[in-house]
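Engineer: So the chains spell out like this:
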Amino acid sequence: MILPQIQIARAHWILGALFLAIILDEYLPVIGGDGRPTRSRSVVVPWALIIGAVGVWATVVFADVVHDMLIHFLWGDILFAAGALELARRRGVYERPWLDGVLPVAFLSCGILFLVHVEVDPSGQGAHWHLAMGLLLIAGGVLDLVRVVRRRSPVVPLALVPLMGFALALIAIPVAAAS
Amino acid sequence: MVGWAGVKMLEREQRPLGADRFPSAIDEAASQAGRTVVRSAHGRRSPAELAVAAWRWALVHSRAVVGLVLVAGAGVWAIARGLTYYGLSPVHLAYDLDQPPWVLLLVSGWLWYRSRRR
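Sequence lines, in order, name chains C and F.
Mapping of the first sequence onto numbering that gives the first Met the number 0: position 154 corresponds to residue 153, and the numbering continues sequentially without gaps.
Mapping of the second sequence onto numbering that gives the first Met the number 0: position 94 corresponds to residue 93, and the numbering continues sequentially without gaps.
For reference, chain C alone in the conformation it holds in the complex:
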């Protein structure tokens, strides 16, 4: 089954909006009851990651190219694993220091998948955009991983900038492809 271009664009708009909501809720501080900013740590974020994973897996069904199927399948796996681990941590089931690195490593892995996608199909549609989006994800993952490793605690982490760029690119680029 091959979807028309506008349907592909719609799927990307929704996925981009979901990702934008996830990273903004995760990285922007919220005002606590004492009037001080604090990090949200909401369980909405891991649930959104799991829902995003289901959406990415759905692409495996609709994709008409083998490497698209494989890449989206692995992408869905990473999102689902990250969502499940974060959900377990935020519910208080698991407590391990390495769980701090789950989100950065997930972003980094997804960025590498983008680069693999370009490497497998360098002449494919939107290869340059895939490259740029992969680099944005890698930059976001690396910046956040550095923050976690160095135990830095900025109010707004620098990783938010490339991650927002990725989400907005996910929303914006299919517009050009669909019109």
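Rather than coming from a laboratory, the hints here were simulated on the basis of the structure.
Here the structure is a predicted model, which is why all the values come from computation and not from measurement.
The reader is advised that the hints may include incorrect statements.
[Stated by the list, open to error] Take a look, some chain C residues computed to stay more than 12 Å from chain F by CB distance:
id, residue
1, I21
2, D24
3, G34
4, T58
5, D120
[To be verified] Cβ pair distances, simulated, as ranges:
id, chain 1, residue 1, chain 2, residue 2, range
6, C, R150, F, L87, 30 to 36 Å
7, C, R95, F, R43, 48 to 54 Å
8, F, L49, C, S152, 23 to 29 Å
9, F, L67, C, D33, 46 to 52 Å
10, F, G74, C, V119, 35 to 41 Å
11, F, Y84, C, G100, 42 to 48 Å
12, C, G100, F, L92, 37 to 43 Å
13, F, A47, C, S122, 22 to 28 Å
14, F, L82, C, I111, 32 to 38 Å
15, C, F61, F, H91, 21 to 27 Å
16, F, A57, C, S122, 42 to 48 Å
17, F, L82, C, H66, 33 to 39 Å
18, F, Y84, C, R35, 40 to 46 Å
Ideal Cβ placement from N, Cα and C applies to all residues, glycine included.
Starting from the known structure of chain C, arrange chain F on it as the hints suggest.
Structural biologist: Relative to chain C, chain F alone:
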């Protein structure tokens, strides 16, 4: 309790009751961001002090700031590219809402809803 793959599992009574009870990683920086700017000797703030105070306020209230930026971006996008009206049936309304400017407005609304004091 040690679970699968050596992951430490907390007993039910040890688990936090809500996600907001996790220790915040930004406490130290937040206290700096919320600090009041010291006024100059004659009681008036210099432009530099005002800029620093505005920057700190924007950092602390970054959810509202980003929400406003998204609304502005959605407006510019809608004006630049236009919005296609599909109709009033549920399916058509869903098609109306999945356009990028509407999507940005929805994310902004979500962010404002999540920015309320807890």
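Engineer: Determine for every hint whether it applies to the structure shown.
Structural biologist: Cross-check of the supplied hints:
Once the 12 Å rule is applied to beta carbons, I21 of chain C is inconsistent with being away from chain F; the minimum gap is 10 Å. Once the 12 Å rule is applied to beta carbons, D24 of chain C is inconsistent with being away from chain F; the minimum gap is 6 Å. Distance check on G34 of chain C: its Cβ comes as close as 8 Å (rounded) to a Cβ of chain F, failing to clear the 12 Å threshold; non-interface status is violated. Taking the minimum C-beta to C-beta distance to chain F, about 16 Å, the non-interface status of T58 of chain C holds against the 12 Å cut.
With a closest Cβ-Cβ approach of about 26 Å to chain F, D120 of chain C is found to remain outside the 12 Å limit, as its non-interface label requires. Here the CB-CB span from R150 of chain C to L87 of chain F is close to 53 Å, at odds with the stated 30 to 36 Å. With their beta carbons about 52 Å apart, R95 of chain C and R43 of chain F fall inside the hinted range of 48 to 54 Å. Between L49 of chain F and S152 of chain C the C-beta distance comes to about 26 Å, which sits within the given range of 23 to 29 Å.
Look at L67 of chain F against D33 of chain C: about 25 Å separates their beta carbons, and that is not inside 46 to 52 Å. Between G74 of chain F and V119 of chain C the Cβ separation comes to about 39 Å, which falls inside the hinted range of 35 to 41 Å. Range check, Y84 of chain F to G100 of chain C: Cβ separation about 46 Å, and the 42 to 48 Å hint holds. G100 of chain C and L92 of chain F have their C-beta atoms about 41 Å apart, which keeps the hinted 37 to 43 Å range intact.
The hinted window of 22 to 28 Å between A47 of chain F and S122 of chain C is violated, with their beta carbons roughly 53 Å apart. L82 of chain F and I111 of chain C have their C-beta atoms about 36 Å apart, which keeps the hinted 32 to 38 Å range intact. Between F61 of chain C and H91 of chain F the beta carbons are some 22 Å apart, a value that agrees with the proposed interval 21 to 27 Å. At about 44 Å, the beta-carbon gap between A57 of chain F and S122 of chain C stays in the expected band of 42 to 48 Å.
The hinted window of 33 to 39 Å between L82 of chain F and H66 of chain C holds, with their beta carbons roughly 35 Å apart. One distance hint, 40 to 46 Å for the beta-carbon pair Y84 of chain F and R35 of chain C, holds here, with the actual separation near 45 Å.
The structure does not agree with the numbered hints 1, 2, 3, 6, 9 and 13 stated previously, though it agrees with the rest.
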